[in-house]
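Student: Could you slot chain B onto chain A? The hints should help.
There are 2 protein chains.
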Amino acid sequence: MSIETAIVALGKTLGDRVQTGESVRALHGANESYYDEVLPDAVVFPRSTEEVALIARTCAEHGCPIVPWGTGTSLEGHALAVKGGISLDMSEMAALLEVNAEDMDCRVQPGCTREALNEELRATGLFFPVDPGANASLGGMAATRASGTTAVRYGTMRENVLGLQVVLADGRVIHTGSRARKSSAGYDLTKLIVGSEGTLGIITELTLRLQGQPEAAASAVCAFPDIDSAVAAVQATMQMGVPMARIEFLDAECVRAVNAWDRRDMPETPHLFMEFHGSEAGVAEQAETVREIVSEFGGGDFGWSTAQEERNRLWHARHNAYYAVKALRPGCRAVTTDVCVPISRLAEAVTETAAEIAQSAIPGPILGHVGDGNFHAALLIEPGHEGELAEAKRLAHAMAERALRMGGTVTGEHGVGIGKKRYMEAEHGAGWQVMAEIKRALDPGNILNPGKVVEVN
Amino acid sequence: MSIETAIVALGKTLGDRVQTGESVRALHGANESYYDEVLPDAVVFPRSTEEVALIARTCAEHGCPIVPWGTGTSLEGHALAVKGGISLDMSEMAALLEVNAEDMDCRVQPGCTREALNEELRATGLFFPVDPGANASLGGMAATRASGTTAVRYGTMRENVLGLQVVLADGRVIHTGSRARKSSAGYDLTKLIVGSEGTLGIITELTLRLQGQPEAAASAVCAFPDIDSAVAAVQATMQMGVPMARIEFLDAECVRAVNAWDRRDMPETPHLFMEFHGSEAGVAEQAETVREIVSEFGGGDFGWSTAQEERNRLWHARHNAYYAVKALRPGCRAVTTDVCVPISRLAEAVTETAAEIAQSAIPGPILGHVGDGNFHAALLIEPGHEGELAEAKRLAHAMAERALRMGGTVTGEHGVGIGKKRYMEAEHGAGWQVMAEIKRALDPGNILNPGKVVEVN
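Order-wise, the sequence lines are chains A and B.
For the first sequence, counting from 1, position 173 maps to 173 in full-length UniProt numbering; every step adds exactly one.
For the second sequence, counting from 1, position 359 maps to 359 in full-length UniProt numbering; every step adds exactly one.
Derived from the structure by calculation, the hints contain no laboratory data.
On a predicted model such as this, the values are computed, not experimentally measured, just so you know.
Where hints are given, some of them may not hold.
Since the list gives no way to pick one copy over another, a pair counts as held whenever it fits inside one copy or between any two copies.
As the list claims (entries may be wrong) - With a Cα cut of at most 25 Å, we get these calculated SDA-like pairs of lysine to any residue:
#, residue 1, residue 2
1, K83, L27
2, K83, G63
3, K421, I174
4, K12, G171
5, K421, R172
6, K421, L54
7, K326, N259
8, K83, E115
9, K83, V8
10, K393, L39
11, K326, E437
12, K326, D36
13, K326, A60
14, K83, D36
15, K83, N446
16, K83, G171
17, K326, L27
Bound conformation, chain A alone (with noise of 0.2 Å):
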């Protein structure tokens, strides 16, 4: 019983789709964060739910840690195999299964991308909403319960995973939730597995809630005079009720950065790209209300836009924000922070921050998905020098600290991973334990993804 044995085993069953390469390995202990490199014993790759049940079989009776892996952009580190074991790689589980255009909803596996969904199901007329930016697969974003710039008005994946199929320790497979929008039967493990970042079970399809495309949409930017007067704004257009589909924050520093990776003019100081989804009498009546607000509230010029073209290199150009921002220190690597706090907390959290930042010695752009209280500094250091990622993670520290101090959260959407484990017991006290009796009754051996989330020991 061993990692070894259990790879071995594999291997008789699934041949070359178990790999232990250095080059297929080293591609899977890499991450986007700044965590170290921790290479796993074996890459395997799955075809099926059946398969998986099998892996799962096999490394239970030997005691090997799996690992789920998507697209490998966690910037956590969730998909490290810190306590080795193999890296399971769903990239050969991609497919669209079904799509149920009436129903709104389709059904996925785990290695399909978001952008790969939508792509499919663009002559439909629906989307699937949920948009953290990088191309991450759909099973990543469900374990991680992943959100970004569209959560404001259409939820993040907790609200949009309808159900799952997933594979448990012991090799079980089950379904969870229904095709129903509601539903009152028995514990809501849909909600308990999305989140749970492969240490519960492993995702090997998702049920989607899809969403019509917008009869109307439009886009704005507006430039502000200091970062207090663009959050106030945020507050007020939140508070008001305004169905914002993207309002999104970034400081004078983050559109330096974007200025320069996308080749724009902005001028450089705190900004907000916003979007407005609705019929064209809605979106009209939208812009005009948040207008009102920003002007209220010193915002600059409202550039305002229905051009699908000029949408789309709005959003393109936020997308790419983070590796923009890391352009800024060439060769550098970012620990990234996730704070969520109350809405009427948020000018507060981001001023203390900002100010905070500017008084260290590295730099930290700040940007957010402002509407739901959810903002990121990008913190970015110089490889290998000590000092600096002490000082990136005082800096993190404080934020984590000062959100838990205003009755937010550590991560409002990067998840746990390794980087966030260590706050687990602030935030929850003893639910934290909770936590861990779950994963002790549903894997006992603790194969999955072990040393994330929860501590067992």
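Tutor: For chain B alone, coordinates are given in the frame of chain A:
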């Protein structure tokens, strides 16, 4: 170690808030559905979370079941002490603790009813939207994942509970969720407790999402020639993405009952009752869209009103429909059903159900929250008439099986209780065992509402 010794121990601390008199026990042994009376051994009235924790520790020590009690409006026997033990009456924990108008949330104790909460919120411009008809307690509504007429727009208790304080079986007190609008911080314990029917923990506080009172609201009533056209109009409305605040179906028999109970004179054919919320322009736009759809499907006069009084009268009639329907057969009991199917199957499901009931020997008016695909038949039987009970059960069983066949659920909003447990295996397969594994992990002594939702022996 016994129920008796637990009650004696509780009496020493709580004095006359532990009651064993016949009448108070009878009150807590009754139910609004057709289930037989089951008297608890005692009724206990806690006043604080600390007292609930003490009660849990005492009951755990003595092996005494705890069955939380809100207002007793459950339709599936949730609050019946089927294994004996205490009924935990939360009516003395009914305070509104805090309103955060800026964040549009509030904190309440579980015994507070939805009407009492909305009464207290009136001056704030906010309201709590979930509306199951009955003036249920918010703790009970969370425990059963209740919804009702407004879920189509505002979601169910699943979407509207942001966080909980919960006393576990061993007396530990946990807090779930945060006041942030979203979080990826670990397993979603809030959503696990919502809908767990008191079997995993006792809710002692709720943080609820509130909504701004809409700028404009209007209602409409529309008669249809037959069930099929009414339901097809609903399907089309939902597929058009009209953000209905309410869209309710009543069949001809239901309308007859409401006419008699509420002194109205609606034509006795299937009806839709609708409500629109939004800006003035938005409401007008929605109503125009629906008016066109309704007319396309053969609906009659679109009885439109923006007058608050008329709207109140309409929803008063709808809220009392259960009692109106029961009055069709004085002295009867109702076997209620609560299926929910994907919208695409709704017309088929309602039509088949109506045909089957029409061929049976008992009346069974149909009404429902059709925008969600959820509908009920109230099967009216003579108390003690075994043949009628068997017939009602046969019809209810056929509805449940049909819902499952169509990819739906046997309970859209009433919960499992004792009435729907027999379907859990069919609906969830191995997932039902997983629920039991979670129950065993969190309540190893099976003292929390034993006999409900899961089977742990």
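Student: Against this structure, judge whether each hint is valid.
Tutor: Against the structure, the hints come out as follows:
Only within a single protomer do K83 and L27 lie at most 25 Å apart by alpha-carbon distance; the minimum there is 17 Å, versus 56 Å between protomers. Taking CA atoms no more than 25 Å apart as the test, K83 paired with G63 passes inside one copy only; the shortest distance there is 11 Å, against 40 Å between copies. Taking CA atoms no more than 25 Å apart as the test, K421 paired with I174 passes between copies only; the shortest distance there is 18 Å, against 28 Å inside one copy. Taking CA atoms no more than 25 Å apart as the test, K12 paired with G171 passes inside one copy only; the shortest distance there is 18 Å, against 50 Å between copies.
Taking identical chains as interchangeable, the C-alpha atoms of K421 and R172 lie at most 25 Å apart only when they sit on different chains, with a minimum of 22 Å there against 28 Å within one chain. Taking the closest pair of Cα atoms, K421 and L54 never come within 25 Å of each other, the shortest separation being 30 Å inside a single copy and 31 Å across copies. For the homomeric pair K326 and N259, the shortest alpha-carbon distance inside one copy (13 Å) is at most 25 Å, but the shortest distance between copies (68 Å) is not. For a Cα distance limit of 25 Å, the shortest separation of K83 from E115 qualifies neither inside one copy, at 32 Å, nor across copies, at 52 Å.
Taking the shortest Cα distances, K83 and V8 sit within 25 Å of each other inside one copy (18 Å), while across copies they are farther apart (51 Å). Proximity of K393 to L39 under the C-alpha cut-off of 25 Å is restricted to the intra-copy arrangement: shortest distance 24 Å within a copy versus 59 Å between copies. In the homo-oligomer, the alpha carbons of K326 and E437 never lie at most 25 Å apart, since the shortest distance is 39 Å inside one protomer and 45 Å across protomers. Taking the shortest alpha-carbon separations for K326 and D36, only the intra-copy value of 18 Å comes in at or below 25 Å, while the best inter-copy value is 67 Å.
In this assembly of identical chains, the alpha carbons of K326 and A60 never lie at most 25 Å apart, being 40 Å within a copy and 55 Å across copies at closest. Taking CA atoms no more than 25 Å apart as the test, K83 paired with D36 passes inside one copy only; the shortest distance there is 14 Å, against 55 Å between copies. In this assembly of identical chains, the alpha carbons of K83 and N446 lie at most 25 Å apart only when taken from the same copy (10 Å versus 35 Å across copies). In the homo-oligomer, the alpha carbons of K83 and G171 lie at most 25 Å apart inside one protomer (20 Å), although the nearest pairing across protomers, at 34 Å, exceeds that limit.
Proximity of K326 and L27 under a CA criterion of 25 Å is satisfied intra-copy only: 20 Å inside one chain copy versus 66 Å between copies.
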